[in-house]
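> Going down the list, the sequences are from chains A and B. Be aware that the first sequence starts at 1, since it is given in the working numbering, and climbs by one per residue. Be aware that the second sequence starts at 1, since it is given in the working numbering, and climbs by one per residue.
Just so you know, these hints were derived from the structure itself, not from any lab. All figures in this text were calculated on a predicted structure; none of them were measured in a lab. Mixed in with the good hints, there may be bad ones.
With a cut-off of at most 20 Å between alpha-carbon atoms, the simulated SDA-like pairs for lysine to any residue come out as follows [stated by the list, open to error]:
hint	chain 1	residue 1	chain 2	residue 2
1	B	K189	A	S147
2	B	K70	A	K86
3	B	K167	B	G287
4	A	K51	B	R56
5	B	K322	B	H104
6	B	K167	B	S156
7	B	K167	B	N430
8	A	K79	B	S219
9	B	K322	A	N105
10	B	K75	B	R37
11	B	K322	A	R47
12	B	K189	A	R135
13	B	K70	A	G140
14	B	K189	A	K86
15	B	K70	A	L136
16	A	K51	B	S46
17	B	K132	B	H104
18	B	K167	B	K292
19	B	K189	A	E49
20	B	K132	A	P61
21	B	K322	B	D23
22	B	K75	B	V141
23	A	K51	B	R37
24	A	K86	B	W212
25	A	K51	B	A215
26	A	K79	B	K189
27	B	K189	A	V65
28	B	K189	A	L63
29	B	K292	A	K86
30	B	K70	A	P61
31	B	K70	A	E49
32	B	K322	B	D92
33	B	K322	A	V165
34	B	K397	B	Q293
35	B	K322	A	P167
36	B	K140	B	K322
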Amino acid sequence: MLDRPVASLPVEVIIAVTQALHREARLLDDEDFEGWIAMLCDDVSYRMELKSRRFRADRSPPLPVGPGVIFNENLARLKLRVDRLKSGFVWAEDPPNFIRRAVSNVEVLASQAENDVHVYSVLVMHRNRIDGTTRLLTAGRTDRWRSEGSCWLLASRDIVLDHSVMPDSNLNAFF
Amino acid sequence: MNANIADLVDSRTGRQSRAIYSDEAIYRQELERIFGRCWLFLVHTSQIPSPGDYFRTFMGEDDVIVIRQKDGSIKAFLNSCTHRGNRICRADRGNARAFTCNYHGWSFAPDGALAGVPLENEAYFGELDRSKFGLIPVTKVAEYKGLVFGCWDANSPSLEDYLGDAKFFLDVWLDAMPGGSALLGETQKMVLGTNWKLPVENVCGDGYHLGWAHAGAMSAVQSMDLTGLSVGNSGVDLDGGLSVAGMNGHMVLSALDGVSGYAFYPDPKPILEYLEVNRQTVIERLGEVRGKQVWGAQVNITIFPNLQLLPGLNWFRVYHPKGAGQIEQWTWAMVENDMPEAVKAQILENQCLTFGLAGLFDNDDGDNLAACTEQSRGWRTAQMDVYTNMALGRSGKREGFPGDIAAGLVSEHNQRYFYRRWQEHMMAQNWDEVPIYNINSLADQEAEHA
Chain A
1 MLDRPVASLP
11 VEVIIAVTQA
21 LHREARLLDD
31 EDFEGWIAML
41 CDDVSYRMEL
51 KSRRFRADRS
61 PPLPVGPGVI
71 FNENLARLKL
81 RVDRLKSGFV
91 WAEDPPNFIR
101 RAVSNVEVLA
111 SQAENDVHVY
121 SVLVMHRNRI
131 DGTTRLLTAG
141 RTDRWRSEGS
151 CWLLASRDIV
161 LDHSVMPDSN
171 LNAFF
Chain B
1 MNANIADLVD
11 SRTGRQSRAI
21 YSDEAIYRQE
31 LERIFGRCWL
41 FLVHTSQIPS
51 PGDYFRTFMG
61 EDDVIVIRQK
71 DGSIKAFLNS
81 CTHRGNRICR
91 ADRGNARAFT
101 CNYHGWSFAP
111 DGALAGVPLE
121 NEAYFGELDR
131 SKFGLIPVTK
141 VAEYKGLVFG
151 CWDANSPSLE
161 DYLGDAKFFL
171 DVWLDAMPGG
181 SALLGETQKM
191 VLGTNWKLPV
201 ENVCGDGYHL
211 GWAHAGAMSA
221 VQSMDLTGLS
231 VGNSGVDLDG
241 GLSVAGMNGH
251 MVLSALDGVS
261 GYAFYPDPKP
271 ILEYLEVNRQ
281 TVIERLGEVR
291 GKQVWGAQVN
301 ITIFPNLQLL
311 PGLNWFRVYH
321 PKGAGQIEQW
331 TWAMVENDMP
341 EAVKAQILEN
351 QCLTFGLAGL
361 FDNDDGDNLA
371 ACTEQSRGWR
381 TAQMDVYTNM
391 ALGRSGKREG
401 FPGDIAAGLV
411 SEHNQRYFYR
421 RWQEHMMAQN
431 WDEVPIYNIN
441 SLADQEAEHA
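Please construct the entire structure, taking both the sequences and the accompanying hints into account.
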């Protein structure tokens, strides 16, 4: 029962946050990057750490300076990535790839802060690129969403990619 | 096959048959004559600092475990049980007192000895000679200033001789500062549908693709704050660098400005400070040319066949072949131990963000390399050639540097030497038939001055 929310959330909040996750996935599928950026808090943190496959009993100490990252972005860095994608020079994205995100296993939990919720979800990303090349990427996400006015905005996202060897030739996509 | 190999590459005119990227028989021969013969990078000593620390890697397609021994030495073994061949370790890295096979429970000590066999007396009647069933060691393991290499061929030159004059450039990272070097972070692993030679070629000499293939990233990073950096970050410096080859198959691209490695850092100030504070030390250790011009500059070093390291941009990479048309690309961040922790952290982060799995630059290359591979697989394309014939014959010697050198970073000089080395190995039956050459070697230059 460790995961029990500190206070039960109104069902309206759960629906609104869940809808925000679905909307976010649709905007990204449609490459509406401005729309997506507008769903992010100004102080957003967007991270995906590197992992390794280790024995359960392994006792080697943490790596000096840490594991490294695949993404570790603030708003400016995310905008930089968007600028790159929109530059017209990213040949891997032209013609556009067929990409579809499915969001699932959504749990919306109350947090200590009043205008803030914890959200767990699973993202399945189907990418069809270059003729028949198809890749299925899955990731677990732990988010914080914050209500600002009438909107829920993404405050932080920690992404765990479920692939020890990345099975595609780029990650020109947001999770 | 040898007559055929002679026709597949012409390094004088810069021509390669596309078959070398797709033909399965050629690939099998590469596993024998290149990956079975050359010194291959295994691990950096910083990755297995303590006794019992181990790291799993590959030599060609052979799965290998590299283990730090009790006495501090390093041994490497095939990751394969000597009983039925099962993989004995499925972890990427860690620390272990023993490796126990999942199949029947045979257990091996870190020194490779077969330490335990279930039902040894009951099932084998005590007749198993354990000393004959230790893990299969890699024939030769040697270290050069933190870089540990393995080699299957007992008749190979020593590691020092194999590296030859490439050490002149390796030392710009490994020996610039007294504290030496380290690799940081978990391994950044990616599958790419490319023949292994194409990414090597891309990094060993191809400055030509930077402005076009990476145009999107180049245009985006122009918005970065590059205060204090004396080089542009948007274009390619055609004149201010060198393409160095003719060193036993090793190649180097080097800018000569002492700072350009950090051109893609959003905030290069802390690193530029580190360079400034320590520049004199490095000049004392490595001399004027390397200390002033090379240390801190963008430098691409290729150690034949499959290791590439870019001090300055600070990424370190090996390519493990997985068939003629596929590789696993493994990348780490590289630092100097004397760097302040904050600088190390910044390098790890920036390396991941520029040349990591979602790297702003790295993500431009994969599809090009994969398509070059695919376009060598057709009935018609497999009979065709591709070319590295830019700036033919425009190379020479340069005082103070080893190798046959072409001016600038945009040239196909290095690629021609890469394929020449590939061909020399593929045609040779053994090491005795492999030519050894360090053009304009540093030793010769010294002798001349003496």
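> Work down the list of hints and note, for each, if the structure agrees.
Hints, verified against the model:
no., hint, in the structure
1, B/K189 with A/S147, "37 Å, violated"
2, B/K70 with A/K86, "54 Å, violated"
3, B/K167 with B/G287, "14 Å, holds"
4, A/K51 with B/R56, "15 Å, holds"
5, B/K322 with B/H104, "28 Å, violated"
6, B/K167 with B/S156, "18 Å, holds"
7, B/K167 with B/N430, "24 Å, violated"
8, A/K79 with B/S219, "13 Å, holds"
9, B/K322 with A/N105, "36 Å, violated"
10, B/K75 with B/R37, "18 Å, holds"
11, B/K322 with A/R47, "30 Å, violated"
12, B/K189 with A/R135, "16 Å, holds"
13, B/K70 with A/G140, "40 Å, violated"
14, B/K189 with A/K86, "27 Å, violated"
15, B/K70 with A/L136, "43 Å, violated"
16, A/K51 with B/S46, "18 Å, holds"
17, B/K132 with B/H104, "18 Å, holds"
18, B/K167 with B/K292, "18 Å, holds"
19, B/K189 with A/E49, "13 Å, holds"
20, B/K132 with A/P61, "34 Å, violated"
21, B/K322 with B/D23, "13 Å, holds"
22, B/K75 with B/V141, "7 Å, holds"
23, A/K51 with B/R37, "32 Å, violated"
24, A/K86 with B/W212, "16 Å, holds"
25, A/K51 with B/A215, "30 Å, violated"
26, A/K79 with B/K189, "26 Å, violated"
27, B/K189 with A/V65, "19 Å, holds"
28, B/K189 with A/L63, "17 Å, holds"
29, B/K292 with A/K86, "38 Å, violated"
30, B/K70 with A/P61, "18 Å, holds"
31, B/K70 with A/E49, "32 Å, violated"
32, B/K322 with B/D92, "17 Å, holds"
33, B/K322 with A/V165, "13 Å, holds"
34, B/K397 with B/Q293, "18 Å, holds"
35, B/K322 with A/P167, "13 Å, holds"
36, B/K140 with B/K322, "23 Å, violated"
Hints 1, 2, 5, 7, 9, 11, 13, 14, 15, 20, 23, 25, 26, 29, 31 and 36 from the earlier list are contradicted by this structure; the remaining hints agree with it.
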